[in-house]
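Enquirer: Single-letter residue listing:
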Amino acid sequence: MKAGVVTFPGSNCDQDVFHVLKNIMDIETEMIWHKDRNLNGFDLIVLPGGFSYGDYLRTGAIARFANIMDPVIEFANNGGFVLGICNGFQILLESDLLPGAMKINDNLKFVCKNIKLKVEDVNTPFTNQYEKNEIIDMPVAHGEGNYYIDQKRLDNLKRNNQIILSYKNEKENPNGSIENIAGICNKERNVFGLMPHPERCSEAVISPGRSDGYRMFASVISEINKRGDQVAR
Amino acid sequence: MDWEVKIETKLKDGILDPQGKAVKTGLKSLGYENVESVHVGKYMELILDDIETEDKAEDMVIDMCEKLLANPVIEDYKYEITRMER
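These protein sequence lines are chains A and B, in that order. The numbering used here puts the first sequence at residues 1 to 233. The numbering used here puts the second sequence at residues 1 to 86.
Simulated from the structure, these hints should not be mistaken for laboratory data. Be aware that a few hints might be false.
As the list claims (entries may be wrong) - Just some of the chain B residues that point at chain A, by a computed CB distance under 7 Å:
#, residue
1, P18
2, N71
3, I74
For clarity, every value in this text was computed on a predicted model and none was experimentally measured. By construction, the Cβ of each residue, glycine as well, lies at the ideal position given by its N, Cα and C atoms.
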């Protein structure tokens, strides 16, 4: 299998994700430049965290029109796995690959800390290595993670079990996000966006004793391998 | 013909605006007790070159707002188009 990590001007977690996929997860991984217009042979595309285009206008708004995004959207619409982390999540929202929008954090602060999350759903390619309702640790680092969606679409999210990760409770909610939402997937479940950073808690040297991020990458790799085996058979 | 366009975007009514809320608190603490609400938005000025009619300019402005300048999920926009004499 092959994974790709997109670098936009202002991405700053791209190398971290690349490192985890290549060196920790031990899978073939390539960096993809935002000006590229083709995606060939990839099984997983990651849109990393950072501040693409300086967060000008709105977070993710300008990155959404980078050359690479048309092929990313096509890849997603054809069932390819797309993971958006933090700014990557914001870009997925602006691209309409996921519903809703981000607002500035309720407390107007940039929050950078470890946080407790609840795994709401494990029937996704990105969370199959967790237990349902498991409480996990992951760092967050953002100024605009205050997820908003109108009531009708929120009902849809719930009905389709698209809320995958939430902040453990109101008190853990760092940004005012509606229903404590931290991560959602699309209806087809192949596109997943989350504000926390799994790549920052995937190896013992950075986060001793915690591998909660590792299991997110392990989930999607196991899903891709499983599907590969089915194709081979 | 050239056109000057002024565009304002702000969060839709009913969507809590954290910046507006903070500014309101600031104004109140300065003693402006009558401030009932504050909404913070964005203001943009564009100059469009060489478009024959105001209708065409307006179509273009709406398109730009819907695609990029505003996020229709959470924001409303309004605009004003004036012909430039130059």
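Enquirer: All the hints need checking, so say for each whether the structure fits it.
Expert: Results of checking the hints against the structure:
Of the supplied interface hints, the one on B/P18 holds, with its beta-carbon coming within about 5 Å of a beta-carbon of chain A, less than 7 Å. With its C-beta approaching chain A no nearer than about 5 Å, B/N71 sits inside the 7 Å limit, and its interface hint holds. Interface hint status for B/I74: upheld, as the beta-carbon distance to the closest one in chain A is roughly 4 Å, under 7 Å.
In this structure, none of the earlier numbered hints is contradicted; all agree with it.
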